[in-house]
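Engineer: Residue numbering for the sequence shown follows the numbering used here, beginning at 72 and increasing consecutively.
The set of hints was computed from the structure by calculation and includes no laboratory data. The beta carbon of each residue, even a glycine, is placed where N, CA and C say it ideally should be. Be aware that a few hints might be false.
[Unchecked claim] Listed next, the in silico DMTMM-like pairs over lysine to aspartate or glutamate satisfying Cα-Cα at most 20 Å (straight line):
1) K106 / E194
2) K106 / D180
3) K106 / E233
4) K106 / E161
5) K106 / E76
6) K106 / D224
7) K106 / E190
8) K106 / E117
9) K106 / E198
10) K106 / E237
11) K106 / D79
[What the hints assert, rightly or not] Per label pair, the in silico range of CB-to-CB distance:
12) L188 / R168: 28 to 38 Å
13) R83 / N236: 20 to 30 Å
14) L90 / V170: 50 to 60 Å
15) S77 / A214: 49 to 59 Å
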Amino acid sequence: MVRMESLDILVRQVLPQVLPCPRGMVLDALQAVAKHFCEQAAVWRERLEETGLQGEADIPLSLPTGSRLVMILGVWLDGNRLLPDDYRAEGNSLCLRTVLPRECSVVVDAALCPSRLSERLPEQLIEAWGDVLAYGALARLKAMSGQNVTWTDAAGAQVALEQYNEGVARARIRAMSR
Numbered sequence: 072m073v074r075m076e077s078l079d080i081l082v083r084q085v086l087p088q089v090l091p092c093p094r095g096m097v098l099d100a101l102q103a104v105a106k107h108f109c110e111q112a113a114v115w116r117e118r119l120e121e122t123g124l125q126g127e128a129d130i131p132l133s134l135p136t137g138s139r140l141v142m143i144l145g146v147w148l149d150g151n152r153l154l155p156d157d158y159r160a161e162g163n164s165l166c167l168r169t170v171l172p173r174e175c176s177v178v179v180d181a182a183l184c185p186s187r188l189s190e191r192l193p194e195q196l197i198e199a200w201g202d203v204l205a206y207g208a209l210a211r212l213k214a215m216s217g218q219n220v221t222w223t224d225a226a227g228a229q230v231a232l233e234q235y236n237e238g239v240a241r242a243r244i245r246a247m248s249r
């Protein structure tokens, strides 16, 4: 089971740099960035074990609370790896090209992302990529403008965006080598 950690850890890192930005806006920026980061870099990976029933081709996946399926990285039926053409992801389900001839064990290696409103991420993700997520949130927040937005900082937003984009690239490279 994945140990989940609150985004509050990162809120405390970001908020002092954008005061008087409301805490809720900081959390919202972190939620959006965490979702984008995981979708782009495929760093949140889980091995899911399901049971496929005879005559079924669609297998709902039991995902951790507050997560969504980004992509399927591999599928095994009773220990035999399927070719990528034999399956696809649809929503949070695995859809096989053909129905199962019998009940069997199904193992799915999946890349996940948090749902847009999730306030929790896997602890190891925050540990490894928390600074990158903070840069992404800072880029969003410092780029804001408006009558009551006093924390705008275009130059700071650009620097934070560059740091975030570099972090996404590093994460992609690391994820590909797994």
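Engineer: Are K106 and E76 close enough, with their CA atoms no more than 20 Å apart?
Structural biologist: The given pair, whose Cα atoms are some 15 Å apart, holds under the 20 Å limit.
Engineer: Sort out whether D224 lies within 20 Å of K106, counting only the CA atoms.
Structural biologist: It is violated: about 24 Å lies between the C-alpha atoms, which goes past 20 Å.
Engineer: Next pair to validate is K106 with E233; report whether the Cα-Cα distance is within 20 Å.
Structural biologist: OK: K106 and E233 at ~18 Å, within 20 Å.
Engineer: Can you tell me whether the CB distance of R83 to N236 sits inside 20 to 30 Å?
Structural biologist: holds, 24 Å
Engineer: Can you confirm whether the C-alpha distance between K106 and D79 stays at or below 20 Å?
Structural biologist: holds, 16 Å
Engineer: Can the suggested window of 28 to 38 Å be confirmed for the beta-carbon pair L188 and R168?
Structural biologist: Cβ of L188 to Cβ of R168: about 33 Å, so the range 28 to 38 Å holds.
Engineer: Regarding the pair K106 and E237, is the alpha-carbon distance no greater than 20 Å?
Structural biologist: holds, 17 Å
Engineer: Regarding the pair K106 and E194, is the alpha-carbon distance no greater than 20 Å?
Structural biologist: Holds: K106 and E194 sit about 15 Å apart, inside 20 Å.
Engineer: Check the following: the C-beta atoms of L90 and V170 are separated by a distance inside 50 to 60 Å.
Structural biologist: holds, 58 Å
Engineer: Is the hinted pair K106 and E190 satisfied, with a Cα-Cα distance of at most 20 Å?
Structural biologist: holds, 11 Å
Engineer: Starting from K106, check that the Cα of E117 is at most 20 Å away, please.
Structural biologist: Status holds; Cα separation ~16 Å.
Engineer: With 49 to 59 Å as the target window, see if S77 and A214 comply at their CB atoms.
Structural biologist: Violated, since S77 and A214 (Cβ atoms, about 25 Å apart) do not stay within the stated range.
Hints 6, 15, counting from the list given before, are not met by this structure.
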